[in-house]
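Participant: As they're listed, the protein sequences go chains A and B.
For the first sequence, numbering that gives the first Met the number 0 assigns the number 538 to the last residue and increments by one with no breaks.
For the second sequence, numbering that gives the first Met the number 0 assigns the number 538 to the last residue and increments by one with no breaks.
Just so you know, the hints here were simulated from the structure itself, not pulled from any lab data.
Predicted, not measured: the structure shown is a model, and the values here were computed from it.
We treat Cβ as the ideally placed atom computed from N, Cα and C, and that holds for glycine.
One or more of the hints may lead you astray.
Dumping the calculated DSBU-like pairs for lysine-lysine here, alpha-carbon to alpha-carbon at most 35 Å [stated by the list, open to error]:
| # | chain 1 | residue 1 | chain 2 | residue 2 |
| --- | --- | --- | --- | --- |
| 1 | B | Lys408 | B | Lys154 |
| 2 | B | Lys7 | A | Lys20 |
| 3 | A | Lys7 | B | Lys112 |
Residues on chain A that point at chain B, a partial pick, calculated with CB under 8 Å [stated by the list, open to error]:
| # | residue |
| --- | --- |
| 4 | Asn9 |
| 5 | Ser17 |
| 6 | Trp173 |
| 7 | Trp180 |
| 8 | Val396 |
| 9 | Lys409 |
| 10 | Asp414 |
| 11 | Val415 |
| 12 | His425 |
| 13 | Gly428 |
Number of protein chains: 2
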Amino acid sequence: MTDFPQTKVNHVALTPASFLKRTQSIFPERLAVVYGNRQYSWKALYHRCLQCVDALNKQGIARGDVVSVMLHNTPEMVELHFALPMHGAIINTINTRLDASTVAYILDHSGAKCLIVDQQFQPVIMAALALMQQPAPQIIEVIDAQSDYNDPIPKIDSITYEEFLATGDTQDNWSLPPDEWDTIALNYTSGTSGKPKGVLYHHRGAYLMAMGTIPAWGVPQHPRYLYSVPLFHCNGWGHCWMMALVAGTIYCLRQVSAKAIFDAVAEQNITHFGGAPIVLGMLINAPKTEQRAFSRTVQVMTAGAPPPPAVLEKTGQLGFNVMQVYGLTETYGHVVHCLWQSPWDELAFSDQAAIKSRQGVRLPICEDIQVLDLETGKPVPADGETTGEITIRGNTVMKGYHRDPEATKKAFVGDVFHSGDVAVVHEDGYIEVKDRLKDVIISGGENISSVEVEAILYQHPAVAHAAIVAQPDEKWGEVPCAFIECIADEQPTAQEIIAFCRARLAGFKTPKNVVFETLPKTATGKIQKFALRVRAKDF
Amino acid sequence: MTDFPQTKVNHVALTPASFLKRTQSIFPERLAVVYGNRQYSWKALYHRCLQCVDALNKQGIARGDVVSVMLHNTPEMVELHFALPMHGAIINTINTRLDASTVAYILDHSGAKCLIVDQQFQPVIMAALALMQQPAPQIIEVIDAQSDYNDPIPKIDSITYEEFLATGDTQDNWSLPPDEWDTIALNYTSGTSGKPKGVLYHHRGAYLMAMGTIPAWGVPQHPRYLYSVPLFHCNGWGHCWMMALVAGTIYCLRQVSAKAIFDAVAEQNITHFGGAPIVLGMLINAPKTEQRAFSRTVQVMTAGAPPPPAVLEKTGQLGFNVMQVYGLTETYGHVVHCLWQSPWDELAFSDQAAIKSRQGVRLPICEDIQVLDLETGKPVPADGETTGEITIRGNTVMKGYHRDPEATKKAFVGDVFHSGDVAVVHEDGYIEVKDRLKDVIISGGENISSVEVEAILYQHPAVAHAAIVAQPDEKWGEVPCAFIECIADEQPTAQEIIAFCRARLAGFKTPKNVVFETLPKTATGKIQKFALRVRAKDF
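Isolated chain A, as found in the complex:
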């Protein structure tokens, strides 16, 4: 067989930056980004990215350097997701709710050369800079005229983002990465156990994630997409890159609230958005005065924690069609989705909601998902009952943990990525996540899925948010302890809640204690169970 080497003609590095270049040339005047009174066409966005590339060069930032970004979902955050990959720098988004010591750790560990930050975060950044071990990065401040934080006099040694941009010109001479395996992003995990780990993404994976989400979510040309998922979380699930591919319009959102989402859907004709189940909870629990009617069904992708069927059912009744997905920071976001089967159209709403609470099947870009028995390492039977750990193999699994080959090796044992999530496989092959490995409660030798008990709690009309964690117990080892945040004006008793669960669950799964309080949540809306586990020891 004659064989030919790869050439510049027929082998081009896969990178999502290509999507922007193409779309700005085909749809120059279509809206790319809308944020209140600011809006940019695809051409304007591209020009700002070209300026940014040149400005980065002039700042001495080189290909492969890390640029940290601590921003809300404002236009700067979107454009940096293109400009940095075009330049060849690595985008390191920082969770905007982190404390100073964690920010300092990330800046030190990533070796960031530059930090682009919203002025709102001056206090935490000043504190972080004082804590850093390594030389401080250059600081570029984004001043958002539409926020409450727009002090024209910066308190730290910095230039403004617009000053920085103005140093660059718009010559179009950026180049594709030399290798599609080159790093595009560095995303730190939430670090609920120990120090955050730096997850490395490559251009190839980001390209495939954007392209593969289109058939997976049925995304048409020109969607109107509300960016309610923080872009600091798995690069906003890669949706910004997908929007460039389908020439959509991205509606920015500085602060997520039920009112902001309902207003955008009603006034901007939003067609798609994403959000953690807690966002769905916000929507269904919003006051009637904030809930607005809209004529089209809005497509919603949700991920983060398994949303209880009751939440899915109520969300559907409001006009949102929710597709649940599953993934991790280590997999660029979603690798599993609850792909709809047409026979399910005939089912009752509540039965549909039960199906939608499953995570589903692998995306087209994901090569293999297995649920492996924790003891034998063999795939569990598809019986809907036997639990195992989800493992993943495919082109959207991270390169590894930055500066941590040991942790990388441990995560990649047996040629698959170990998710640390426990699931069952249903008869039809759809997987259902039962828990984080470390959230499973072991009571008298029996495993209790905290998710299963939480799903029951969410059926109670007074419950807004709920979490079940393990509480040490002399007799049983561990017992389930419930933490509940109630809907305004509702005040059930612990006895009522326990009785409600007992009527629906086996005795050993029923919570032994119930605590009513506002639940601690992460920036992405996940309930911080690790904090609750600590508190549960006191009861």
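For chain A, the structure is supplied; the task is to place chain B on it using the hints.
Facilitator: Same frame as chain A, now just chain B:
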């Protein structure tokens, strides 16, 4: 920056075979292939492919061996597009209308180890085997009970396809190609000038072609796709692989006719199909008794020769929404598509047809399309007038021409693939193909686009098919000569045709001779201009 090598966990060869494996597991019972009274679910198709892989192994076919296939668009043709890539053998589809000496040339040149052939082609194969220089391949005959060619007694030394398949079992132990750059297909060009050239495709390109066509054509989940494009032509534009990705249903078609298409659209609710402009011509010129009404708009992808606006307008009126694409065998099929812009919705039907007759802009998977001035090699201005040669760069450009490094080098000059097609670039960046380089007529120093003159001829109500070729002329060097196939019962005179053109074209562009006859066409419906050029010398 820490860097990590590719591992089995996070780097998986891109191959369209993955789509089949995924879809058969998620939608096992959905129909994959329908052919008259035969139909296969995705699971059944997969099982036949597994059997085929094992049967190939038992026949001694190894990874990298060439298997030639000379079949109509029957279920065997579809399944071999999956089974051969799963096995690792290279699929070499042979145009079913080729003569024995060309078939012999292809079998010799490709080094085919095996030939899978429809029994209809026994005569040509027997003749080809006699002409071969190299050892003959093993012959496997497909006997199609739904055709007129199903003689149970094979005349050549062969086994039947079903006997062959029965030797394989359905154990699921095939593996991905070791490298996504490995060859998946070997497709010979039509060889209008000299010997056919063998174009090599790799798995990576086939994967990206399938995935990138989804946003480019707006393909939803579960389309009902009529396979009217021969699968021997650029592997049916890669649509079979795309159908596996979106779990569509492929409706096979042994023989394309207007009646067969209208019947399938009306009875099988076809949503998508593809075809050369000649197929569109068949549809609009079909007798009223064959044309059938249908309620949905059917999406049609067309390519091959630029369809005249008049044809596009009439097709649209019948309920077909045509998207024109452009590409070559060397680019896996389409790399340019006439992507719709919403402001065009407001235009009149005829203006829309004029736009649709442009080829358009690059697909998301194509990195760069340029139209380069033939003399300077610089991009032509976007003025809709200046012509140049289309050049292409991207991951769906062939690896090269099999056993022909010289021709490969020539095609790849300047780090782009040279298409040999002449086009202009309109102000909005959409390209419009004017001609094959070799079809341009040079008359008195002026270039005449044969396509432009043909578009005028197609406006004449008596014209069914038309071709303009160069005729040698003592005074002008060359002059345009028209070959016309009339609609039944229409008999215009040459003078009428010339006057019709003269009223609409510059004098030097007006045909000097008009010949009325049935036009010679290739298997894919292209008019064989090379044959007409020879004939034009006689007038």
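Participant: So which of the earlier hints does this model not fit?
Facilitator: The structure conflicts with hints 1, 6, 9 and 12, although it agrees with all the remaining ones.
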